[in-house]
Each structure stands twice: as structure tokens, then as C-alpha cells.
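Chemist: Read top to bottom, the protein sequences are chains V and U. One point on numbering: in the working numbering, the residue at position 501 of the first sequence is 501, and numbering is uninterrupted. Just add 1000 to wherever you are in the second sequence, counting from 1, and you've got the working numbering.
Everything labelled a hint here was simulated from the structure, so no lab data went into it. Predicted, not measured: the structure shown is a model, and the values here were computed from it. Among the hints, erroneous ones may be present.
Here are a few chain U residues that sit away from chain V, every Cβ distance over 10 Å (derived from the structure) [stated by the list, open to error]: (1) 1005; (2) 1010; (3) 1068; (4) 1070; (5) 1081; (6) 1101; (7) 1107; (8) 1127; (9) 1133; (10) 1161.
With a Cα cut of at most 16 Å, we get these calculated EDC-like pairs of lysine to aspartate or glutamate [said to hold, decoys possible]: (11) V:331 - U:1058; (12) U:1066 - V:270; (13) V:331 - U:1054; (14) V:318 - V:356; (15) V:155 - U:1012; (16) U:1062 - V:293; (17) U:1062 - U:1075; (18) V:88 - V:37; (19) V:154 - V:185; (20) V:391 - V:537; (21) V:154 - U:1012; (22) V:331 - U:1053; (23) V:425 - V:270.
Just so it is clear, CB atoms sit at the ideal spot from N, CA and C, and this is done for glycine as well.
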Amino acid sequence: MLSVRLLSNRMDNLKQNPNPEAQELNGAEIFIRCLVEEGATTVFGYPGGAVLHIYDELHKQQEVNHILVRHEQGAAHAAEGYAKSTGKVGVVLVTSGPGATNAVTGIADAYMDSVPLVVFTGQVRTALIGNDAFQEVDTVGITRPCVKHNILVKKVEDLPLAIKRAFHIAGTGRPGPVVVDIPKDVTEQSMVFSYPKDPGMRSYQPTLEGHTGQIKRAAKLIAKAERPIIYSGGGVISSGAHEELIEFTRLTGFPITNTLMGLGAFPGTDPQFIQMLGMHGSYEANMAMHHSDVLIAVGARFDDRITGQLDGFCPYAKVIHVDVDPSSISKNFRAHVPIVGDAGKVLCALIEELRDGKHSLPDISPWWDQIHEWAKKDSFAYQQDMDGEIKPQYVLDHLYQQTGGDAFVTSDVGQHQMWVAQLYKFTQPRRWINSGGLGTMGFGLPAAMGVQLAHPDELVCCVTGEASIQMCIQELSTCRQYGLPIKIINLNNRYMGMVRQWQDFFYDSRYAMSYMDALPDFVKLAESYGHVGMKIEKPKDVEPALREILSLKDRLVFADFITDPRENVFPMIAPGAAHNEMILS
Amino acid sequence: MRRILAVLLENESGSLSRVANLFSARGINIESLTVTPTPDETLSRMTLVTFGDDRILEQITKQLHKLVDVVTVVDLTGQNHVEREMALIKLRLRDEGSVDDLQRVNKVYRGRIADVSALCYTSEVVGTSEEIDAYIAAMGEHEVVEVVRSGPLGIARGEQALSIRQNQ
Ligand SMILES: Cc1ncc(C[n+]2csc(CCOP(=O)(O)OP(=O)(O)O)c2C)c(N)n1
Ligand SMILES: [Mg+2]
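All chains should be built: construct the whole structure from the sequences, respecting the hints.
Modeler: The following block contains the structure:
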């Protein structure tokens, strides 16, 4: 009945409006047209009652490609993988109620890591809102604390502008997720469609250019530095400022460290790179932070996994802090020279200021001598006994060597994540895709799907643990449906390793609930989904197994590496300790 | 330290809860909050009182700015400004003769009797928050049955006006 009515409506319109430009479209058609206008042609989603009109339109068209996940959390993480690896806005479409709540973990993850997403959630009809209708939840209310913005669309006339704004807000300034909640009746109402050119938002205007006076002050500080360090984070990657960062670092000759989220912005193989910093960062990076006199923070937010105890953090440093989000500056740690602006633009301005001859750059060779001295600790080192158990680091070392540091690598959360960050030397941005802020187990596999869909011909590896992988294991089915040849490197230590590590350090090795009992046979599991499964148990098999895994170019391979269950991640700064108080082994 | 902020925000459903949410999410109490539409009906104006040191105030101001619906935030605390709060106070007087008493206090604080019943008087008073505190304290002998206060409204002194373009 409904479709007959809609169809006849449209016919009437056609009669009245011979000009097809002025043709009326219904909300579902408008939805698709808006996505096309935004160039958002890959959508990760899962259908349900409230979005059925939209799914029907998706079915009728070719321009927008919909990827059917197996759980809405997977849709959100896949869109994150897509967004993080391309820099484009990731798009999610889910139904109301449980569809929306299932997506919340992914939305919160995107919020913490500043990933641009637009998440469309179906909603019950406007007339039913507030009535505890079937599959009704207050999606705007539930997601409010974990979105950059959210919008409930109350009538079809508001839909194009809501979508325009959602993409604009998600992708500009400090990126983040935007939820657009669309009641079912809005998708059947019709109007003459035109897509707004301008989001028209007086209240949202991110500052991109750094303040000239502040740039000059920063340059003066840099010129006088004796023990400087550059500390850069995920903001450099979201801003696309890696080239400016490299140029700035080369120009100054300063040491540089990256946060977990910032890895890849500066080549991990470069001699000026002193490795990741923070809780599991290198000895030299943390010691250099602690003893620095000028700290140049770019697109990093001084979170607690970086700073450790704030009282003891960087006690001698004058801090220059560049961030596009003013609220990140001086939130946790006081900046002496705050610079609000886009990382790329500010770095450019700094480079110009330093080049124009007014400042001579300092000779910091004694500082470098000290850093090289610290680096001799070789704090990420490990020992592989070829007759013993496989060390997880050994697998990652070989993965790095065999892929030349060029693969896209996603990870889950735990020890394996830290080992990738320590040992895989990323030479390009947007290749290291992990969940840093929220630390979401289950992120790795769906994120890898998004990356692989965006880069069909590239190698995508998902490094995971036997606990994390089980949190979104259902996505193996999605991988099968779309032929995604992801290489899953499961570092199977039979423990929630990171939990067990904390229990070792802080709970006298009482392993409460951290042993992973009743594990499935991952080889059979992979095979049952139509993939290749492999189990690797001996150190000498690691290298050839990896060669074989990487040679199976068009198959998903689930490689179950049985690793040493006792291995811990070092160095470690215990919570509440300072950077010069690392536990080294 | 007590802080008073004036905020212009889009007059849209949900704007107020975004602000309220921001405070609770960051673990900061709102002492009082008033919000009404402005002559430009697309905008609402809010006066918000909270407590915190300079660092908290800086963070709150930035976080408010970060909300997509918020157009302008001005910290009135640091500048010359006028503040007024209104209160309605229901009293049970000690005895009939006490009305004179009440009138005397009203005279001092520019209060007014807004309602009378057999047992109770309701008075209305406008002033700074301290004046209202003092007014209530001056009721000492009489039983204060109920008090309702509007929370302060604030406006800068002089020519300066809160506008869309005036961003800190
Ligand atoms: C959804 C979720 N639940 C719980 C945690 C807490 N947590 C952090 S690491 C970890 C263990 C991860 O185990 P595994 O995936 O096997 O990785 P491993 O540390 O052993 O390498 C847990 C439970 C989390 N990060 N995310
Ligand atoms: Mg494990």
C-alpha cells in the first residue's frame, strides 16, 4: 500500500513538475542523494525496522556500496578503520533501539580517538517518540557524552542540512563522530531535494591558523633550547601534517617521540626518532621527556598513559602546545606557549619563522650524546630461545621484516598491541590503526575490514590476542562475504595478558579471571567460516609460516601463534610513577 | 571561587542538556542556571554560576565553546557586571503584629508582599544573591516555610553587549 501511495505521489509530482530537477524525493531517496553528494559511497551497516525504507532505496541503486556487518559494533569499528586509513569520513547505518546501542562502543571509541564518523541511526516514528515504542531508545541522549555532535531530524525538510552539517562537523577541526537520528516517517515524507552548499553554522568555526605572536614566542623558545624534544600525537595524522612534521624535525635536528596514536607520522626508522613514549614507551623517550627543557607538543593531549604522575612529569620543561582543540591545551598540563591551530599550518608557520634568519638553531650535540647513552639500554629487547616457546615479539619482528614496515596493521587491546607499537617501525601515516583512547577489545578485526575495503590491493594485518579476537569474531563471516584477505596474527598466550601482567605487578600474581579457558580451535573456527587456519607452535616455524601466510594473497588467513604465556611488556611506568621511574624488566 | 558565565547558544531542543551534561561529565557542579530565549529567537541566553579555580574555569569555558550549539561564552566574574536574583519567600509570621516587622525589612531590601493568606505571607525580593541571603536571614523570628530563588542573571556594565561575534 505504502509503496503504491509513494509511487503515485511521485507520478503526480512528475505531472506537475515536468522539470526533473524540481522532482520530489522521499526521505530515503534524499538520504542516498546526500551520501552521493558527500562522496560517501561506502556504508557499513545492519538493517532493521526503522531503516527499512532506506535499505529499500539502497537496494534500488548502484552508487552507494553497503557492507553488511554481523554486529553493529563491527560496523562502527569498520567505519573507523576506513576513516583512519583514508582520512575520509566513515559512514555507519544502523536501526533504532538495539542497533543504536550496539553501535555505541564504536561511537565512543571514535570520540576518544578523534575519528571522523557519521553514524545514521533509525528512530521510531516522530509520533511515537517518547512513548516507549518498540525498539525506541533515546539515541541522542545515550550518545550525547560520546559524540562531537548529534542531531535528531524531525522532518524531511531538515534532512539535507542535517547531513551536510554532520559531515562538515565530523571531518573538520578536531574530527569526531556525529550521530544523525532519523525517525522512520522522515524517510517516507517527500520534498523537492536540493543539497545545501554551506552548512551555515555560526557557532562552529574551528581555528586553523596559529596566532602569529605565539608562533614568534615558540620560535624564540626553540632557538634557546638546550634539551628539546618533539612529542607528537594522532593530531598530526588527522591533520595530514606528517610532511610538515618531518620537515620541522629535520630543520631543527631535535629528537622526536610519538604517542601510540601518532606512530607513523614520523618514520620509525629515522635516527631522529627515539621511539614511542609513555607507559610502555622506550627508556630514551621517557628519560628525554623527563629531562627536557623545551617540549614541543603537536597534536597530542597529555593523557595519563603518556604523562604518568603529573607532579613528576617534565619538571624542567617549558611547553609549547599546538592543538586544533583549545580544550586539549592546558587541560592536564600547563602550556607556556599555547598555539591553537591546525598542526600542518602551525608547523609551516614555525618553519618559516625559524628559517627567516632571525633565530639561529641551537647546537644540541651534548643532549644527543645523552640520548644515545640512554638508548643503549635497548629497552624493547627480548630473547628468543629457539628451543623454547615462541616469544610474541619474535613473531612481530618477523612480520615487520617480511612486510618492510609497509603493511596496514590493526590491533586489538592488550600486550600484543603494545608489542606492535614497540616493534613495528611504521614509515607512513595512517597505516597503524588501533584503539588508543578507549582501549576497545574487539576493535582489530572489524577495523581491518574497513581498511581492506578502502585499500583492496594492500596487505592488511590484524594483530590480536585470543581474548580480544573473540569480542568481534562474528565478523569473520563479513570477511568471507566480501572476500577480504586480512591476515590475522593471533598472539595466543592463553591469557588476557595485559590483565595478567597487572596482576603480576600489583596483585601478587593472583590471576583472577584472566586465564582464557575453553578456547576454541581457531583453525577449525576459521575453516568453518571458509578461511584458511594455521597453528604455529615452534619458534623455527614462525618465519616460514609468515612467508606462507603472506603469500596467500587472496585468502583470509587466521594464524594462531601459540606464544609464551609468561611474557610481559617492558619497560613499564606504573600508574602514579614518573617518567624516570621505569620498570625495565 | 564563585564564577558567573554568560552564554549565548542556539535555541534548539537539546542545547540545554548538552551544557548540563558537560558539567556532570567533567565532575563540576552547577550552582545555578537560568536560560530563556532572547529577542533573536534563534538564540537562548544562559547565566550560569559555578565554583572552581582558574584552571577549572579555563577548561569549562573551552569545553562550552567546543559544544557545537554554543555561540558565545563570556566570563562575567572578572569584569564589571550587574547581577540580580529574585526570590519568593513564604513565611508564617510569629503573630499578627509582626507584619510591621516584615514591612520594615521589606523597606530595607526593597521587598514586597506578593500574596497573603490566613496563615502565610509570601514576599518577593530582588537583589544580589548576598542581599537575598541577608533578607532571608533577617526573617529570623518568623518561620520560613518555603523559598524559591531564580538564580542570578548577569549582564556586563557599560556599552559592552553579549553578541554573536564576541568570542573570547
Ligand atoms: C571491551 C574491553 N573489555 C575489557 C578490557 C580490559 N582489558 C584490557 S587488555 C585485556 C586482555 C586482552 O587479552 P588478549 O586479547 O588475549 O591480549 P594480550 O594482552 O594477551 O596480548 C583486557 C581484558 C578492554 N580493554 N576492553
Ligand atoms: Mg592473550
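Chemist: If a hint holds in the structure, say so; if it does not, say that too.
Modeler: Results for each hint:
With a minimum CB-CB distance of about 15 Å to chain V, residue 1005 (chain U) clears the 10 Å threshold, and the non-interface call stands. Residue placement check: residue 1010 (chain U) does not keep its beta carbon more than 10 Å from all beta carbons of chain V (closest about 6 Å). The beta carbon of residue 1068 (chain U) is not kept farther than 10 Å from every beta carbon of chain V, the shortest such distance being approximately 4 Å. Annotated as non-interface, residue 1070 (chain U) brings its C-beta within 10 Å of a C-beta of chain V; the closest such distance is 6 Å.
Even its closest Cβ contact with chain V, about 23 Å, leaves residue 1081 (chain U) beyond 10 Å, as expected for a residue assigned away from the interface. With a least CB separation of 49 Å from chain V, residue 1101 (chain U) remains clear of the 10 Å interface cut-off, as annotated. At roughly 46 Å, the least C-beta separation between residue 1107 (chain U) and chain V is larger than 10 Å, which holds for a residue marked as non-interface. Separation of residue 1127 (chain U) from chain V is adequate, the least Cβ-Cβ distance of about 33 Å exceeding the 10 Å criterion.
Separation of residue 1133 (chain U) from chain V is adequate, the least Cβ-Cβ distance of about 34 Å exceeding the 10 Å criterion. With a cut of 10 Å on Cβ distances, residue 1161 (chain U) stays outside the contact zone with chain V, its closest approach being about 17 Å. At most 16 Å may separate the alpha-carbon atoms for a hinted pair to count; residue 331 (chain V) and residue 1058 (chain U) meet this at roughly 9 Å. Only pairs whose Cα atoms come within 16 Å are accepted, and residue 1066 (chain U) paired with residue 270 (chain V) is rejected, the gap being roughly 37 Å.
Taking the CA atoms of residue 331 (chain V) and residue 1054 (chain U), the gap is about 11 Å. The hint holds against a cut of 16 Å. At most 16 Å may separate the alpha-carbon atoms for a hinted pair to count; residue 318 (chain V) and residue 356 (chain V) exceed this at roughly 23 Å. Restraint check for residue 155 (chain V) and residue 1012 (chain U): satisfied, since their Cα atoms lie roughly 15 Å apart, inside the 16 Å limit. This hinted pair does not check out: residue 1062 (chain U) and residue 293 (chain V) have alpha carbons roughly 28 Å apart, beyond 16 Å.
Using a Cα cut-off of 16 Å, the hinted pair residue 1062 (chain U) and residue 1075 (chain U) holds, with the two alpha carbons roughly 11 Å apart. Taking the CA atoms of residue 88 (chain V) and residue 37 (chain V), the gap is about 14 Å. The hint holds against a cut of 16 Å. Taken as a hint, the residue 154 (chain V) and residue 185 (chain V) pair is honoured in the structure, with Cα atoms around 9 Å apart against an allowance of 16 Å. Simply put, residue 391 (chain V) and residue 537 (chain V) have alpha-carbon atoms about 10 Å apart, close enough for the 16 Å limit, and the pair holds.
Under the criterion of a C-alpha separation no larger than 16 Å, the hint pairing residue 154 (chain V) with residue 1012 (chain U) is consistent with the structure, at around 12 Å. Of the supplied pair hints, the one linking residue 331 (chain V) and residue 1053 (chain U) holds, its CA atoms being roughly 13 Å apart against a limit of 16 Å. Annotation: proposed proximity of residue 425 (chain V) to residue 270 (chain V) holds, straight-line Cα distance about 10 Å (limit 16 Å).
Hints 2, 3, 4, 12, 14 and 16 from the earlier list are contradicted by this structure; the remaining hints agree with it.
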